[in-house]
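Same order as they appear, the protein sequences are chains B and X. Numbering-wise, numbering that gives the first Met the number 0 puts 89 at position 90 of the first sequence, and it's gapless, one number per residue. Numbering-wise, numbering that gives the first Met the number 0 puts 199 at position 200 of the second sequence, and it's gapless, one number per residue.
Treat the hints with caution; some may be incorrect.
Some residues of chain X that are not near chain B, with every Cβ distance over 12 Å (derived) [to be verified]:
1) GLU26
2) TYR87
3) VAL157
4) VAL159
5) VAL185
6) ALA198
7) ALA214
8) LEU250
9) ALA260
10) ARG262
11) PHE314
12) LEU322
Listed next, with one range per pair, are the computed distances between beta-carbon atoms [what the hints assert, rightly or not]:
13) B:PRO232 / X:PHE42: 17 to 27 Å
14) X:ILE36 / B:GLY107: 52 to 62 Å
15) X:LEU53 / B:GLU197: 18 to 28 Å
16) B:LYS260 / X:LEU309: 20 to 30 Å
17) X:THR206 / B:SER331: 52 to 62 Å
18) B:LYS84 / X:LEU224: 54 to 64 Å
19) X:ALA49 / B:ALA120: 38 to 48 Å
20) B:VAL156 / X:THR45: 34 to 44 Å
21) B:ALA77 / X:GLN155: 14 to 24 Å
22) B:GLN131 / X:PHE314: 35 to 45 Å
23) B:ALA120 / X:GLN231: 27 to 37 Å
24) B:LYS260 / X:GLN155: 42 to 52 Å
Read the hints as simulated data drawn from the structure, not as lab findings. Glycine is no exception: its CB is placed at the ideal position from the N, C-alpha and C atoms.
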Amino acid sequence: MNMKIINYQIGGWLLLPLFSSFFITSQVRAEESIAFTLSSTIKERIAKESSPVIRVSYHDVSNEFAPFIKKGVEKAAADFKVDVKLVGPVGADAEKQVAEIESLIQKGVDGLAISSVSTDALAPVINRALAQGIPVVTYNTDNPTSKRLAFAGQDLVESGRIAGKLLADTLDGKGNVLITTLDAAAQWSLDREKGAREALAQYPGIKVLATINTGTEPQQIYSSVENAVLAHPDVNGILSLECCSTPAAGDYVQRNGLTGKVKIVGFDMLPETIKLVQGNIISATIDQAPEKQSYEAVRLLLDVLKGKEIKSVDTGAAVYDSKNIGDYLIASKKGS
Amino acid sequence: MEQTAVQTSRARHGLARRLLRMFAVRETGILLALLIICAFLSFATTGFLALRNLLNIGRQISLLGVMAIGMTFVLITREVDLSVGSIYAFSGLTTGILLVKGWLLPPALLFGLVIGAAIGFVNGLLSTYGKLPSFIATLGMLSVVRGSALLLTDGQPVTVNTSQGGRSDVIEQFYFLGQGHLFNVVPMLLVIFIVVALAAWWLLSRTVFGFRVYAVGGSEKAARLSGIQVFQTKILTFMLMGLLSGFAGILSLAFLPSGQAGRTGVGLELDVIAAAIVGGASLSGGEGTILGTVLGVLIIGVLRNGLVLLGISPFWQTTIIGLVIIFAVALDKWTENRRLK
């Protein structure tokens, strides 16, 4: 018993310097943020009118969004006639992403657009690039702890708020809600959940039953939704925070005769999601226009190279339901 | 009076001995663990014992089960296959693409299965004639096959429905495999799992091939001396593993008509190995049964379902399942000596 107490005390003393050093570094960080200056080598290269080399690092080039992000990058390459390529790890992996960016810095690039797999893991390498005079903007998933010049993407907390309000209105302000996410601990998920819970809290008749962490494997996602609904038979609404538990929730509701009894609001425009929105099984889905995010990121970098001031770009959150989903289909057909 | 006492004592003795003998059978320990978990859940939750929930568990474990059965064969021969999650994705997505292109169900299905078996064949060759430890060979193949699936689909999700192309009657048949119910009650996936388990049980315990699998895993040298073609047997088990992984992947796409090469089946290999190990298969070869593996898969499925019904936080669920794996195997090892006596 005594031993235990001593151990805790030692633990406490060991932790104290850790905490204090954290506060000190964060203070220093805030003071350090000086204006960014473009490196002389990049300036020279741009002056010679050779086309700038820009790399767009995405946190997982093998996920559902990568093709959309890639589309935006390709469009930017064609529109601006610059050397732009999509890079990034297969499978969300912070170490691999950092290592690749480090070698890009080494090789020499004129600009980096980065969607961070993890804020803390990527912030140092972003700051190092900036310190060497390479402009860095973030897109899709922001890195607010770094000194990135600007962010192109959706305001995640706001998108969560929109989703929460949509579901609450669909439920006429009363009901029991489950929140599903494929990675409850990820920053984007925490942000959207925060917004969603804020919005739902505005409605006294709505109760959030639980947040379900579904995991990322499709079968696992479906089983998690299934188990969660069985564990909460009183559920009336499911709010999915991302691409992939949205269609899973829709499939589950449709197959178990719960259409109309359990309302769903989710995110993104996967083919299965579009079908379920058309069939009114998913009440609404929120598009985050991923192509626009990578495209805008490249545009921001080019502005920096031209010496322009840049500001973050909100790429917005478009809401689609069974009435206007046709517009999306027509627009995406035109686009491709 | 005296006589009856003797009789009851004898009967009791007999019963005790029979019980002891039952415990001597490997699977009894696993079955007991499963029953304890089920008993606890039926008291602690409402709805665990409901027929619908039990059938759901059956469906949820079926794909893992089909693969764990293949893994049992591989583990018995003292090998391991880490590429199963990638094969699951590659075969499933291939069949999906073919269906969307308008192929009929049998050829599309067969094509996916052949791909699975072919990858298994390569795994087998590398681990036998190639002289690579199967851990390394299949670790490499895990990446090669996953990468191939990404190249094949260019990272785009594959969705099997009529609006993507594909004949409506064929899609209907395909959906029945994954989403249908036998007699409108029993999920088809569960039916398929049961059929695969029975066939595998017969193959492993009633055929020459099964005997060879155990012989190779027990002692490769002894097996070779007694004229068993060790390499051939191992290659066949890898092919069976590949075939079953591919089959599970195809069924997965039939159940959820959308798959994605970067996500489908990622990390599945560890679940599959864990299920077989909990069921009594050993990484050092020579041990394992189909019944044991089925029970192992059930334990994992029941736990996952039960922990959600209990409303336990998802982070705890992950931790508890890990602890159960360790505890199940430890219990098995600690009671090993007693059983062998």
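Structure-based check of each hint:
Every Cβ of chain B is farther than 12 Å from the Cβ of X:GLU26; the closest lies at roughly 25 Å, confirming the non-interface assignment. Not every C-beta of chain B lies more than 12 Å from that of X:TYR87, the closest at about 10 Å, which undercuts listing it as non-interface. Consistency note on X:VAL157: stated as away from chain B, yet its beta-carbon is not over 12 Å from all of that chain's, at 9 Å minimum. The Cβ of X:VAL159 sits about 10 Å from the closest Cβ of chain B, inside the 12 Å cut-off, so the non-interface label is violated.
Non-interface call for X:VAL185 relative to chain B: holds, since the shortest CB-CB distance, roughly 15 Å, exceeds 12 Å. Its beta-carbon lying about 22 Å from the closest one in chain B, X:ALA198 satisfies the requirement of being farther than 12 Å from that chain. Every beta carbon of chain B lies more than 12 Å from that of X:ALA214, the smallest distance being close to 35 Å; the non-interface claim holds. A beta-carbon of chain B comes within 12 Å of the beta-carbon of X:LEU250; the shortest separation is about 10 Å.
With a minimum CB-CB distance of about 7 Å to chain B, X:ALA260 fails to clear the 12 Å threshold, and the non-interface call is violated. Not every beta carbon of chain B lies more than 12 Å from that of X:ARG262, the smallest distance being close to 6 Å; the non-interface claim is violated. X:PHE314, annotated as away from the interface, has a beta carbon of chain B within 12 Å; the closest lies near 8 Å. With 12 Å as the threshold on Cβ separation, the claim that X:LEU322 sits away from chain B holds: the shortest Cβ distance comes to roughly 18 Å.
For the pair B:PRO232 and X:PHE42, the beta carbons lie near 19 Å from each other, so the given range of 17 to 27 Å is met. At roughly 59 Å, the beta-carbon separation of X:ILE36 and B:GLY107 lies within the given 52 to 62 Å, and the hint holds. Separation of X:LEU53 from B:GLU197 is about 39 Å and departs from the stated range, judged on CB atoms against 18 to 28 Å. About 24 Å separates the C-beta atoms of B:LYS260 and X:LEU309, a value consistent with the hinted range of 20 to 30 Å.
Between X:THR206 and B:SER331 the C-beta distance comes to about 54 Å, which sits within the given range of 52 to 62 Å. Between B:LYS84 and X:LEU224 the CB atoms are about 58 Å apart, so this pair conforms to the stated range of 54 to 64 Å. In this structure the supplied range 38 to 48 Å holds for X:ALA49 paired with B:ALA120, their Cβ-Cβ distance being about 45 Å. The hinted window of 34 to 44 Å between B:VAL156 and X:THR45 holds, with their beta carbons roughly 37 Å apart.
Between B:ALA77 and X:GLN155 the beta carbons are some 20 Å apart, a value that agrees with the proposed interval 14 to 24 Å. Restraint check, B:GLN131 to X:PHE314: a C-beta distance of roughly 39 Å satisfies the suggested window 35 to 45 Å. As the Cβ distance of B:ALA120 to X:GLN231 is approximately 48 Å, the hint placing it in 27 to 37 Å is violated. Between B:LYS260 and X:GLN155 the beta carbons are some 33 Å apart, a value that contradicts the proposed interval 42 to 52 Å.
Hint compliance for this structure: hints 2, 3, 4, 8, 9, 10, 11, 15, 23 and 24 are broken, all remaining hints hold.
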